[in-house]
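K.L.:
Please work from the sequences and hints to get the whole structure.
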Amino acid sequence: MKIGVFVCHCGSNIEGTVDTKTVAEASLDFPEVTFATDTMYACSEPGQDGIIEAIEEHKLDGVVVASCTPRMHEPTFRKTLERAGLNPYMFEMANIREHVSWIGKDREANTNKAADLVRIAVEKLRRNQPLTPKEFDINRRVLVIGGGVAGIQAALDCAEAGLEVVMVERESTIGGKMAKLDKTFPTVDCSSCILGPRMVEIAQHPNITLYAYSEVESVSGYVGNFEVQVKKKATYVDWAKCTGCGECVEKCPSRKAPDPFNELLAPGRAINIPFPQAIPKKAYIQAEHCIKLTKDKCGNCAKVCPSDAINFEAKDEIITEEVGGIIAATGYDLFDWTVYEEYGGGRYPDVVTSLQYERMLSASGPTGGHVKRPSDGKEPKKVVFIQCVGSRDKSVGRPYCSGFCCMYTAKQAILTKDHIPDSESYVFYMDIRAPGKLYDEFTRRAMEEYGAQYIRGRVGMVYPDGEGQLVVRGADTLMGTQVEVKADLVVLAVGAEAAKNSPQLAEKLRISYDAYGFFMEGHPKLKPVETNTAGVYLAGACQGAKDIPASVGQGSAAAAKVIGLFSKEKLKSDPQTALVDIKRCIGCGKCAETCPFGAINMTEFRGQPKAEVLETVCQGCGLCAATCPQGAVQLKHFTDNQILAEVEALCRF
Amino acid sequence: MQTVNLTDTIDRSFMEKVMEESEQNLSLCYQCGNCTASCPYTFGFDIPVSRVMRLMQTGQKKAVLTSSSIWLCASCTSCTTRCPNNIDVARVMDVLRHVARREGFVKERRVKAFFDSFLDSVRKHGRVFEIGLMVDYVRKTGRFWTDMDLGPKMLPKGKMSLTPHRIKGKDAIARIFKRFEEENR
Numbered sequence: 001m002k003i004g005v006f007v008c009h010c011g012s013n014i015e016g017t018v019d020t021k022t023v024a025e026a027s028l029d030f031p032e033v034t035f036a037t038d039t040m041y042a043c044s045e046p047g048q049d050g051i052i053e054a055i056e057e058h059k060l061d062g063v064v065v066a067s068c069t070p071r072m073h074e075p076t077f078r079k080t081l082e083r084a085g086l087n088p089y090m091f092e093m094a095n096i097r098e099h100v101s102w103i104g105k106d107r108e109a110n111t112n113k114a115a116d117l118v119r120i121a122v123e124k125l126r127r128n129q130p131l132t133p134k135e136f137d138i139n140r141r142v143l144v145i146g147g148g149v150a151g152i153q154a155a156l157d158c159a160e161a162g163l164e165v166v167m168v169e170r171e172s173t174i175g176g177k178m179a180k181l182d183k184t185f186p187t188v189d190c191s192s193c194i195l196g197p198r199m200v201e202i203a204q205h206p207n208i209t210l211y212a213y214s215e216v217e218s219v220s221g222y223v224g225n226f227e228v229q230v231k232k233k234a235t236y237v238d239w240a241k242c243t244g245c246g247e248c249v250e251k252c253p254s255r256k257a258p259d260p261f262n263e264l265l266a267p268g269r270a271i272n273i274p275f276p277q278a279i280p281k282k283a284y285i286q287a288e289h290c291i292k293l294t295k296d297k298c299g300n301c302a303k304v305c306p307s308d309a310i311n312f313e314a315k316d317e318i319i320t321e322e323v324g325g326i327i328a329a330t331g332y333d334l335f336d337w338t339v340y341e342e343y344g345g346g347r348y349p350d351v352v353t354s355l356q357y358e359r360m361l362s363a364s365g366p367t368g369g370h371v372k373r374p375s376d377g378k379e380p381k382k383v384v385f386i387q388c389v390g391s392r393d394k395s396v397g398r399p400y401c402s403g404f405c406c407m408y409t410a411k412q413a414i415l416t417k418d419h420i421p422d423s424e425s426y427v428f429y430m431d432i433r434a435p436g437k438l439y440d441e442f443t444r445r446a447m448e449e450y451g452a453q454y455i456r457g458r459v460g461m462v463y464p465d466g467e468g469q470l471v472v473r474g475a476d477t478l479m480g481t482q483v484e485v486k487a488d489l490v491v492l493a494v495g496a497e498a499a500k501n502s503p504q505l506a507e508k509l510r511i512s513y514d515a516y517g518f519f520m521e522g523h524p525k526l527k528p529v530e531t532n533t534a535g536v537y538l539a540g541a542c543q544g545a546k547d548i549p550a551s552v553g554q555g556s557a558a559a560a561k562v563i564g565l566f567s568k569e570k571l572k573s574d575p576q577t578a579l580v581d582i583k584r585c586i587g588c589g590k591c592a593e594t595c596p597f598g599a600i601n602m603t604e605f606r607g608q609p610k611a612e613v614l615e616t617v618c619q620g621c622g623l624c625a626a627t628c629p630q631g632a633v634q635l636k637h638f639t640d641n642q643i644l645a646e647v648e649a650l651c652r653f
Numbered sequence: 001m002q003t004v005n006l007t008d009t010i011d012r013s014f015m016e017k018v019m020e021e022s023e024q025n026l027s028l029c030y031q032c033g034n035c036t037a038s039c040p041y042t043f044g045f046d047i048p049v050s051r052v053m054r055l056m057q058t059g060q061k062k063a064v065l066t067s068s069s070i071w072l073c074a075s076c077t078s079c080t081t082r083c084p085n086n087i088d089v090a091r092v093m094d095v096l097r098h099v100a101r102r103e104g105f106v107k108e109r110r111v112k113a114f115f116d117s118f119l120d121s122v123r124k125h126g127r128v129f130e131i132g133l134m135v136d137y138v139r140k141t142g143r144f145w146t147d148m149d150l151g152p153k154m155l156p157k158g159k160m161s162l163t164p165h166r167i168k169g170k171d172a173i174a175r176i177f178k179r180f181e182e183e184n185r
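Heads up: the sequence lines are chains A and B, in that order.
If you read the first sequence in the working numbering, its first letter stands for residue 1, the second for the next number, and so on.
If you read the second sequence in the working numbering, its first letter stands for residue 1, the second for the next number, and so on.
Hints listed in this document are in silico derivations from the structure and should not be mistaken for laboratory results.
Cβ coordinates follow ideal geometry from the N, Cα and C atoms, glycine included.
Check each hint, because a few of them may be wrong.
To be verified - Covered stretches of chain A, going by a simulated chain B footprint (3 or more residues, C-beta under 8 Å):
no. : stretch
1   : 167–175
2   : 393–399
3   : 469–475
P.N.:
Below is the structure:
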């Protein structure tokens, strides 16, 4: 074997603390290395051309590049080898940037360590085998989890591109948080007027199948061929018959049921249609509040339903869907504001959340768009907004900025003035974060044109004054003092947190999530909608708090990724999979048990039980190889012999 | 108002000393003002507590140590409780009182005198002896009429005993004082 070694300067990133020329010279002493050189930027076009020339000139059949992390450029150099006519797996990378030059300052020690890493890579490369990926078919259907604005955008873009889309929504209607909003910033256009038509499109599009009031139960398979179990929760209403007339809701005597769409501002009915523009506009029964289902009495809805749609016998249903790609767009939930006991949320009726206030402003809300405070139904004249409730606060475990609260608070201050012209708004803020197009101008407008009184400081406490008002005591740090405002209504600008059960869903999808439950993107800059699991993409606030334009942008981006994936004739599987040596396998089945992907089948060979790897399913994690008591399972490209050779190269003395 | 010349006045060794003694990282403070908002004594402070924190961040030693606020602080720890960055602000205030004592900046002499009288009383009797404390405090400050009106109300309720209270473990308390003095010699 003839091995070529290329030691990259990476500008001054590596050359700054590693003598690359010396590393290249030292490499010439390693076994089977016939060519070695240093190069300015191995990944650049001239750098790659240099590798190709050297392969041709020196008849190399294996290449080591000592540069950055393989996560960055392994695919790049594999393609370089392919262009030079070599098998792309006859390549190894020594990471002398992240593992050497960036972490040590001693040039001599760094140079020695870099040479050792190259020696390790050479020893591994000597034992590499050419590998060829297998090709397999793609199921050109996509699953979109979550029917908020990000999911709607992703689903419509995919459907328009001709893909079949399956959308799963946890609530009985799509629309997500945006459907609850009255207006949107910075244009103050009506939220349901711009979202409504898109929701209708979801319902009417021939390529989209919508499962509302459903959840993803389990996911198996791999990119191009996922199998998804969807649980359709029992609604006790046959949606094929339900016309959404609302007769049942009118006649339901259970009037203390929660109304989650209206953020629990007012009690709802046990049978419910969330709002007039709901998609699908179908009724569902909240079983634990239904008199018929809990006490076997009543049954009014069944009596009045003109289409005979009520079915008290309904059960949860599991549906299996096969798809090739998945877009997670599960959105966010509000931080539990009652944690701030000093603000009295949950205790004082006139302390409401921003989303509750949004429902109070909305014409489809429980007050019909007239702002009335919950305690006595009076119109509030003084409204105090408290920002950063559950944002930028380490003491409640939420150190991050939710990003959109400054903007929606400015919007709500403007809307308050529109609804109640003789009202005054006070906004307690820490910093105004408005870095979007026309955003800062918008917050200025709230102050300049609408007279919102902005006070720079946090609020220490809110307490009732005993005469129907709330005293808000905060700081004005610009004035350098404590301030108090009497308020008729206090609105908490509650921050975003990961949607409930996000970690559980992430585990089903085998994607990573951060300490707060937000899903992790593939790369914070270059792979914003990809995950580390092939075929699974992200859109919207499930990846981190974001506003509507950003969520829509990500919805389209995720759709573009799926369309790109599906535009390939066939997909290639990573050939770095497990391989069973049938002579050594004793058929104990431990590997099959331990495989998290179900990629190992137990078969029979001449009457003996044997393990068999399904190459397209295997993700190459190596658990089976580590488990096998016989050493019969080996991970291709990472065999025991290769790893031992690497260790030996390092521990020569 | 004067221009503060940050280059010349920023006292990093003072900042470091306070951070070390209080075990609090002052750069965690993002000046939200929640300590000032929650402080029940802001009305009496010459510098609100959030501004004390800001002056600490800019190493304004003299301004901080000559303030009344650090002596008027009642150590109620509302600031600590409300701080979104989990800074023990009350502890910083406490350390500032220690530093001010050591370096001879005591703006509120009477508060210092009360602390001294209180601790002397505890050292001597194992717990505070109210009348003895009052006598000592009045002797130090010459404020004969301070709180005189409270005496007649407290006496009949048994809140003020004419002799020191007898408690167990008096010696143990005295040892605490001794150990502290030895450690800080």
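K.L.:
A separate judgement is required for each hint: does it hold in the structure or not?
P.N.:
Against the structure, the hints come out as follows:
no.: 1; hint: 167–175; result: violated (count 0)
no.: 2; hint: 393–399; result: holds (count 4)
no.: 3; hint: 469–475; result: holds (count 3)
Consistency with the previously given hints fails for number 1 only.
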